[in-house]
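Heads up: the protein sequence lines correspond to chains P and S, in order.
All residue numbers for the first sequence refer to our numbering, where the first residue is 4 and numbers rise by one.
All residue numbers for the second sequence refer to our numbering, where the first residue is 699 and numbers rise by one.
Since the hints were made in silico from the structure, they are not lab data.
Think of the CB as a built atom: it goes at the ideal place given N, C-alpha and C, for glycine as much as any other residue.
Warning: the hint list may mix true and false statements.
[Said to hold, decoys possible] Restraint-style ranges between C-beta atoms, simulated for each label pair:
1) E70/P - N1054/S: 48 to 54 Å
2) K852/S - D27/P: 35 to 41 Å
3) P708/S - Q66/P: 15 to 21 Å
4) L62/P - K822/S: 34 to 40 Å
5) G935/S - L62/P: 50 to 56 Å
6) E755/S - R30/P: 50 to 56 Å
7) P708/S - D27/P: 25 to 31 Å
8) S38/P - E986/S: 22 to 28 Å
9) E17/P - K999/S: 36 to 42 Å
10) E876/S - Q66/P: 34 to 40 Å
11) G42/P - E934/S: 50 to 56 Å
12) E986/S - G42/P: 36 to 42 Å
13) K852/S - G25/P: 25 to 31 Å
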Amino acid sequence: MCLAIPAKVISIEEDKARVDFGEDVLREVDVTLVSAKVGDYVLVHAGYAIQVLDEKEALETLQLWNEILKAEASPINTS
Amino acid sequence: MAEKLTLRNPELAKNIAEKIKEIAPKKETTKICHVCGTHEWTITHFGLRSLLPSNVEVIAGPGCPVCITPASEVDEAIQLAQKGIVVTCFGDVIRVLGSEMSLLDAKARGADVRIVYSVSDAVKMAKKETAKEFVFFAVGFETTAPSTAVEILKKPPENLSFLVSHRVIPPAMKLLVEMKDLSLDGFIAPGHVSTIIGLRAYEEFPKVYGMPVVVAGFEPLDVLFGVYMILKQLKEGKPKLENEYVRAVQWEGNVKAQEIMQKVFDVADGGWRGIGTIPSSKLVVRNEYAVCDAHVKHGVKVERGVDIHHGCRCHLVIIGKIKPTECPLFMKACTPQKPIGACMVSIEGTCRIWQNNKYTSMHYGIFSDAHV
Chain P
4 MCLAIPAKVI
14 SIEEDKARVD
24 FGEDVLREVD
34 VTLVSAKVGD
44 YVLVHAGYAI
54 QVLDEKEALE
64 TLQLWNEILK
74 AEASPINTS
Chain S
699 MAEKLTLRNP
709 ELAKNIAEKI
719 KEIAPKKETT
729 KICHVCGTHE
739 WTITHFGLRS
749 LLPSNVEVIA
759 GPGCPVCITP
769 ASEVDEAIQL
779 AQKGIVVTCF
789 GDVIRVLGSE
799 MSLLDAKARG
809 ADVRIVYSVS
819 DAVKMAKKET
829 AKEFVFFAVG
839 FETTAPSTAV
849 EILKKPPENL
859 SFLVSHRVIP
869 PAMKLLVEMK
879 DLSLDGFIAP
889 GHVSTIIGLR
899 AYEEFPKVYG
909 MPVVVAGFEP
919 LDVLFGVYMI
929 LKQLKEGKPK
939 LENEYVRAVQ
949 WEGNVKAQEI
959 MQKVFDVADG
969 GWRGIGTIPS
979 SKLVVRNEYA
989 VCDAHVKHGV
999 KVERGVDIHH
1009 GCRCHLVIIG
1019 KIKPTECPLF
1029 MKACTPQKPI
1039 GACMVSIEGT
1049 CRIWQNNKYT
1059 SMHYGIFSDA
1069 HV
């Protein structure tokens, strides 16, 4: 039930936003819980955006994964 | 975003599985617990357990809100439906058994029970059908509770009230740690609950209990790296709180959502199906919003219900003590078509996930169906 799907914010009007889940699946979601702007990716759960996704952090995650695998004794500290 | 970021790279998965084998403790069993139905889905669907050494176990804790909602609260919803009130709920909730029947059974007998995708759908229905009384049966953890709180704050229509059964996760994790016979070595904390409550909600686990905690996302690589990070902490003997899901989870969480929840809800002791009462684990509507509280408005209160039906082992599956296949009813008397135990009802229930993904997890390697 805690499933949440990323979607891109297309437009915002007051507490509602039109978001794109990909492949032209558009839906209106409530954005009261987040401070999102057009172009942001948000995590949507049961019709409500619950968090804005950080694309920079996502790219860094990938980089981190690759680093761990390259370096035998690479320390992990992502907190 | 997922494709661009290649979060399902099979080469990376193979490599991290090798790393896990290298650093896994040599002791008989290392037990890592997650508390999220979506994590169980990822693990089972992609066959991740087959990539782990045989002495590293990942077990499913009470991570399915439908599974842990006590029968007494389902009975309350059924009573309201039988009084002629329109009861709205999420899809999974309609099929879970109360003491004698489910909301779906009540619907079959004439009650007006409707599935909604979102609490906002319940609001729309109540606004449209003003002659009818509506209740939204609000089940879910911290991921879901803020949306209920938003609608209560927005002054819902007078003919809509909320039967709130929300629960919070950290007290349940605390209970699992304190169950010494479970012998847990670390937690994979739930990614989407954590988007709301943040990392800081888990601070006491490494500090007080010496228990490693890694908040992880829901791609297969997220979970594998979560396992790796916990094993690394164990190897170094330094339990700490780490964040693997940095793209969505921050230290403080979603403060706006937390504030909205605090305005609307108080925290109380709450019953969990198969587990019993967990202190400070239930959200209840604050007095100033009593007009929206279905308990107050409709005077409904069921003290006790039948949580576990004869022969069912949900109480052991829910805390990860046994696997679904160790329950004598699994896929015999209890099936997805006719579930007896709550864990077979929801698509986030461990038994249902094991049954639905039996073939993928048994016969296929990881990522063989990454497009599903």
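Distance restraint hint 50 to 56 Å, applied to the beta-carbon atoms of G42/P and E934/S: At roughly 41 Å between Cβ atoms, E934/S and G42/P fall outside 50 to 56 Å, so the hint is violated.
Within 34 to 40 Å or not, the Cβ separation of L62/P and K822/S? Taking Cβ atoms as reference, L62/P and K822/S lie about 38 Å apart, which means the hint holds.
CB of E755/S to CB of R30/P, is that within 50 to 56 Å? Given a distance of about 39 Å, which is not inside 50 to 56 Å, the answer is violated.
CB-CB spacing for G42/P and E986/S relative to the 36 to 42 Å hint: holds (38 Å)
Falls inside 22 to 28 Å, the C-beta gap from S38/P to E986/S? holds (26 Å)
Consistency of beta-carbon spacing, Q66/P to E876/S, with hint 34 to 40 Å: holds (38 Å)
Tell me if the beta carbons of K852/S and D27/P are separated by a distance inside 35 to 41 Å. violated (30 Å)
Against the range 36 to 42 Å, how does the distance between the Cβ atoms of E17/P and K999/S compare: consistent or not? Check passed, 38 Å falls within 36 to 42 Å.
Has the hinted range 25 to 31 Å been met by the Cβ atoms of K852/S and G25/P? Holds - the Cβ-Cβ distance for K852/S and G25/P, about 29 Å, lies within 25 to 31 Å.
Verdict for E70/P, N1054/S (Cβ pair) under range 48 to 54 Å: The hinted range 48 to 54 Å is violated for E70/P and N1054/S, with Cβ atoms some 36 Å apart.
Does the Cβ distance between G935/S and L62/P fall inside 50 to 56 Å? violated (32 Å)
Cβ distance range 15 to 21 Å for P708/S and Q66/P, holds or violated: holds (18 Å)
The structure shown violates the earlier hints numbered 1, 2, 5, 6, 11.
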